[in-house]
Every structure is written in C-alpha cells, then in structure tokens.
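Residue numbers (the UniProt record's numbering), protein chains in the order written: chain P, 1 to 384; chain H, 1 to 524.
Honestly, the hints are just simulated from the structure, not real lab data. Mixed in with the good hints there might be a few duds.
As the list claims (entries may be wrong) - Just some of the chain H residues that point at chain P, by a computed CB distance under 7 Å: (1) Leu212; (2) Gln324; (3) Phe349; (4) Ser359; (5) Leu365; (6) Ile402; (7) Gln464; (8) Ala488; (9) Met502; (10) Trp513; (11) Leu517.
Each residue gets a CB set at the ideal place from its N, CA and C atoms; glycine is no exception.
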Amino acid sequence: MMEKYNRRVKAADVTTPQSSQYGFLTGLSPQSTLPNFKQNEFSVVRQHEEFIWLHDSFVENEEYAGYIIPPAPPRPDFDASREKLQKLGEGEGSMTKEEFTKMKQELEAEYLAIFKKTVAMHEVFLCRVAAHPVLRKDLNFHVFLEYNQDLSVRGKNKKEKLEDFFKNVVKSADGVLVAGVKDVDDFFEHEKTFLLEYHNRVKDASAKSDRMIRSHKNAADDINRIASSLYTLGTQDSTDLCKFFLKVSELFEKTRKIEARVAADEDLKLADLLKYYLRESQAAKDLLYRRSRALVDYENANKALDKARAKNRDVLQAETSQQLCCHKFEKISESAKQELIDFKTRRVAAFRKNLVELAELELKHAKGNLQLLQSCLGVLKGNT
Amino acid sequence: MAASSDRNPPPFPAAEDPEPGLVDPADGDSDEGEDIFVSKTNPVSVSRGVSQPDRGAEDPPDLFSEEEEASSTTAKSNGVHSDDDSDLFAEAHMELNTDKPGSSAKKELSASSGPRSTSTSTQSPAAMQPTSLEQLEEEEAKDSFDVDVAITNPEKVGDGMNAYVAYKVSTRTSLTMFRSKTFSVRRRFSDFLGLYEKLSVKQSLHGCIIPLPPEKSVVGMTKVKVGMDDPSSVEFVERRRAALERYLQRVVCHPSLLQDADVREFLERDDLPRALNTQALSGAGFLKMINKASDAVNKMTIKMNESDTWFEDKFQEVEAEEQQLRKLHAVVDSLVNHRKDLCGNTAVFAKSMAMLGNSEDNTALSRALSQLAEVEDKMEQLHQEQAASDFFIFAELLSDYIRLLGAVRGCFDQRMRAWQRWQEAQSTLQKKREAEAKLLWANKPEKLQQAKEDITEWESRVTQYERDFDRIGMTVRKEVLRFEKEKAKDFKSQIMKYLEAMLQSQQRLIKFWEAFLPEAKAIA
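Just chain P, same shape as in the assembly:
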C-alpha cells in the first residue's frame, strides 16, 4: 500500500550562509500511520551532511544493490551569490543610492531563490526514498526522520575521503572491465548502451542549458542598468524628451523583471530537470554496474565450481558460493528490470510535466512582455 506523505519542508532562519552548515526543518506528517513510526507528525532539523550520510548508507547496503538509489541532493552552492554580494559592496561608491538598493534587492532575491531551490532538491530526495517500496522501510531512513537530536554525522575526514577516492578509481576501472562483458539478456544489453549514451548527452545538455540561462540572466541585468540610466537622463530636466525617457525607463524596469523570471523559470523547469536526470541516469548506470559485477561474480563462481568439481576439492564450498552468487545475481536482475522500467516511466512523466510547464510559463511571460510593450508604445505614440 502506497502511503502518501504530506511533506512540509520549512526553511529555518538562515541569516548568513555558511557553506554546508545550514539546517532546515523537515516536517513530515504521514497521513497513514506506519507501524514503525512512533508519531504521526514530527519534524527534525537536518544538515546537508546528514543527507549525504543517508544516501551513502543506501549505496553501501548490499541489500539495495538491485535498486536505483535516489541520487543525493547536490551541495548547496551560495558561492556565486556571495561573490556578487561582495562585488556589490565593493562597488557601492560608484553607483547611485537607488541603483545600489535596487541591486542589493536583486541579489537578495537571487539568494533566496537559490536557497529555496536547494531545499526543494533535498525534499525531492527524501520523497523519492519515501516513495520507494523497499527503501522507505530502511532503518536509517526512519532514524533520519525521527531522531530529534543531532545524528552526529561528521563529514568524512581526509583518510576517508582518500579511501573514497581510491574506491572510485577502482570502481570505474572495474566498471570498464565489467562493461565489456556481453549480456545475454537483450533488455539489459539495450539498457546499457542506451544509458551510456543518454547519460553523456544529458550531461552535455545540462551544462549548455546552464550557460544559456546565465547569459539570459546577464542580459536581464543589463536591461536593469539601462532602465536606471534612462531614469537619470529623464530626471535631468522636464522637457518632452525627458518625459519620454522616464516612460521608457519604466517600461524597461518592468520588462527586465519579466526577463529575469523567464531565466529563473527556464532554470527551474529545464536546467534543473536535466541536472536531476543526469544524477538519476548515473544512479541507473551504477545499478547496471552492480548487476554486471554480480554477473561476473556469478560466472567466476561457476568456473570455480567446475574447477572444484574437476579437482573434487572444496566442492561444497564452491557450490555454496555459486548458489549465493546466483541468488544475488538473479535478485538484482529481477529488481533491476523493474527499476529501469520505472525509471523510464518516471523520466517520461517528469519531462512531460516540466516541458509543458516550461512552455506555459514562456507563453505567459511573453504575453506579459507583449502587453507591456504595446501599452507603452501606445502611450508614447499618443504623446508625440
């Protein structure tokens, strides 16, 4: 039975962004009680590190080898915003008071937007876990949600980070070896090639969408400055031309807001979508890797069994080992198939939702812009 979680994620007061040390409230109120939850509604404060800990615990759990582990939320990145704020502070002397306050407001809004986005991504992770029939039962997950004190999860120290690094190196090397093993099963063979190509292309598209949206934001910023400049020109005098400038400045102010929203929406609906599927496709690739690994182990166990039988030594051991590998492999294969099909369904649905929303938002903003321009031109033509 699919339990629905009514999730409330509230952002706590974060006055100064300190890299990863931000906390937020996760208010979870499961609508139907699960036997192993002690309360119906509860909230805890969790830090980014703790999410990573949870994710890693899933990855390291052999039991979950056959599932696509929901990708960990990305690290909150306020660097860009902080840099801009700093630059603004430095350049305070060179612009007028209005310009300064305006830009400050802009930056604060941007900061808030980034913050909201980060919180949303953490929420998505938890929701994915909660929606998964097996993962949601994980003990760590429950602890994560319920234990209302600090989980004392420390970030990895240097040694552990180094270990991780080596593990990754080994894993990718292994991945290459394992990938070379041709799969008898057509489904998985197809999935392997598909995912590889898809992942690369999503990565490319994600990076390029980021660049495009950044240019868009820059252009919107420029329009903001043009509006200010025109305003200054317009306030020099009260001639006809000055009134004209003031009107145009007003128009640019408004269109700029719309342009900024367009860029933000594209970011949300397109760039974030691509980023998310970049991570999910990686997780799917990891699943395939694990399965291939299990397959190789199984085949090796088979070979070992044959050898043992031939030598008539340690046969029982080899048999048990082979049984285990077989069992593991089959278990993974079975769940992997379902997971990959689910992945596809999820992906198509997510793309559909986001693309439709993107198109609708683009239309809404363009129409807004159009109306502004039409009315402004109407006024200007009427005056001249």
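Position chain H relative to chain P; hints supplied.
Frame of chain P; chain H shown alone:
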C-alpha cells in the same frame, strides 16, 4: 572657364547687374560679400535651408528677384529655371547637362542659389538681431526637408592594401538646386571624411554644429582589405554603411550645410578628387593633432566673462548629458555582448537537445525534445536579431549623439575664440591709442599719420570682431536649439523603432512556444 562662372563680388541690390556670376559660398570672399548685404537685407527666415516654397514670399523682393532675373537671362544651359517667379524652388526641369564639365555646371547652380544662401546663411544672423528667439523657434518649426539620401551597395574595389570599399550614394530630392530629382554616385570613406574636413573649416567658424562622420578604423579596414569574408568584416562594413548614411542624412537636414557647394558636389559630382588630408598618418593629420592640442591649451587659459548665462548653463547641460549618454552607451554595449553570448549559447544548447532527443527511446518524448531543439534554434535567430537591433538602433544612436555633443561643445569653443579675438583686438587698439598719445606728446607729426591710420584700422577690426562674436553667439544659440529639436526627434523615433522591434520579437516568441505546447502535451 565660362563667363558665367566668373566670381564677381555680389552686386548691390540697386544695381541691375545682369551677371549671375555670384560668389560661391565656397569662396573665401563670401565673408566680405556678406558685409555688403548686412544693411540691405531684411530679417529673412534665416538659414532655414532650402526647402520651403513659401520662402519666396518672405524674401525681400529687391535683392533676390533681381538675381533671379539675372540668373535666368544668362543661364543658358543651366537646367534651373527660376524665371517664373522669385520662388527659387518652383518645380524645376532637371536635365543633366553632360557637355558641361561637372564643376562649372556646379558653379552655375551654386551661383544662382549662391547669393541667397550666402546672404541668408552667413549674414542673416547679424540681421537677425531684431528678431526674437521665439520667432526663430517658430520658424524652425515650419521646417520640412526635401532631400533624402541613402547609402547602399558597399563594394570592394581593388585588391590588397590599396583596396577600398565604394558605397553608392543615392539622392532623391525635389529641390531645384540639384541637377536632377534622383541621382547617385559612388563614394569611398575618405570622400566622406574629406567632406567633413571642408565643412568644418568653413562652417565651424560661424558656429555651426557640423555632424560627424564615423571614425576611422585601421583594424576594421585592414580586415576588409585583406579580403576576409568573415561575419565580423561584414558587420564592420554594414556598421560603417549605416553610420555614413546617418551622417549624410544629418548633413542634408542641416539648412546651412545643404546650401554648401561642397555638399552638393559631394552628392552629385561623378568624379570627386581624392581627399588626401584624411589619412591618419599624413602630414595634414599630424598638423591637425597639433592644432587640437594647442586648442586644448588655449581653452584652459581663457576665462571668458560671460555676459549671457544662457551659454554657460547650456554648456554645463551639454557636458552632463554627454556623460550620461556615455554611461548608457556602455551598458547598452554590455547588453549587446550578452545577447550575442546568449545567441551562441542557445545555438549550442539547441544542438545538444537535438542529440538528447535522438537518444531518448520513448518516441513521443523524443519527438518533443527534437521540437524543443527547433524552438531553441528559432530563439537563437530571435536573439540574433534582437542583438542587431540593440546595436544598430540603440547603441549607434547613443554613440552618434555622444560625438555630436562633442561637436556642440566645439561650437561653444568657437564662440569663445571669437570673444578672445575681439578682446585681443581691443587691447591692440588700446595700445595703438597709447602709441598715438605718446607721439602727440613727443610731437612727431610724420609718424602721427601712420598712428592715426593704425587706429582707424584697429577700430574697424574691433567693431568687426565684436560683430563676429555676436553673430556667432546668435548662430550657436540657433544651432543648439535646432540640434536639440533634432535630437529629441531622433531619440524618440529610434527608441520607438527599438521598442517595435522588441514587440515583434515577443510576438514571434509567442508563436514558437504555442506551436511547441501541444507537442509537449502529447508526450505519453
């Protein structure tokens, strides 16, 4: 040279001098000519240029009608017939005279309209004193122009480092002072610069605001010469073409400048002698730089006591505005660059999306993604056009006016220099008077005569310079008013054009996304 192109000093109004050989405005002695007219002419609708048919009614009949008749009697091969009335701008039959060498036909044309232009543009400011400024402004409002220039077809001529780009300059006009209604010539960039040089030498002394030609660009031109056909050279040529067109349009819109024979020669004459003083590294170029430097030094040392605060206020206004425009221009430039970036990034993204669509195995989603890629491609096109509009309509407008404001400041400087000349003449006169006094006291009668002559000479100079100064003051005032009107008109029309372009862009954007939406919804 034909007799009709003799340069006689302009006849007195009373004299029935049949000679149409009147002074070219281009002529150096036109300045003297003006003095003769000062007392005689009534306040005429001043240097308003050439296009009002009603001007004939305002002209003092004595002065001009005689010249009309004079010119009509002797204008044999000249196409311009003003024989019907004093209206110089009656619809003329324009037949290009091919047997006459271009220049003398030019002279005749300028000859017939010469007196009018010389007299009106150069001396009327002095005669204008009785007319109030309000009347001036009113008259300005009745302006209408009948000259349209267009610059098209840039073509590369020649090869290697001696290559240049020739532009086709087409003029369409109903003014009678031109040989025909529509005509075109080919000109190169240095021709435009040459025209500017000639005009600024002549007209700036009177306090006119001369429009500025686009700037030289060694880098840009070298690329074009070397023959690279890349988009930046194409853009460079297009930018230059548009700037030259604006420059020329401004020149012909200026009433006094249009009268100038050099301008007409530029527009009409098939073969223009090459302007040699415009090369950056020529001797003339260096001379110009030195002159500019000395002028700057001069400016710093002169402190004029301003009797008319209008000038001081205006000057400060102009300076402040120039600064503001510079700031605005910098931001618009940044916008152009960011839009170009956006353009590039969108194109790249579109391709990437197309690839993604290819890999996607769900057919509906795959199709939708390909459609998205197409939409983004179209957006790139839009951004490209928007960036061009940003640049050609907005940024170039601003840079033009930044330089024009510089020219306005130049006018103010001219006036200051005229004041300086006057002051210097006054002090010389003072010295001469002192010298005379000394001679009287020393009782040397032979030298006294010389001294007295000196004094008279300098007295007349002082009066001359004072008049010059006042005249320049009037012209500058007038020019500034005219300029401000032009500027307001220009800005309004260009910015409206820019907004219209934005509007179109949004409309197309809407179409694109509306086409995409059903595709997105069709994903199953």
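Evaluation of the provided hints:
1. Leu212: 21 Å, violated
2. Gln324: 5 Å, holds
3. Phe349: Holds, because the Cβ-Cβ distance from H:Phe349 to chain P comes to roughly 4 Å (cut-off 7 Å).
4. Ser359: Holds. Min distance 5 Å.
5. Leu365: Check passed: Cβ of H:Leu365 comes within 5 Å of chain P, closer than 7 Å.
6. Ile402: 13 Å, violated
7. Gln464: At about 37 Å, which exceeds the 7 Å cut-off, the nearest Cβ of chain P leaves the hint on H:Gln464 violated.
8. Ala488: 4 Å, holds
9. Met502: Holds, about 6 Å.
10. Trp513: 5 Å, holds
11. Leu517: 4 Å, holds
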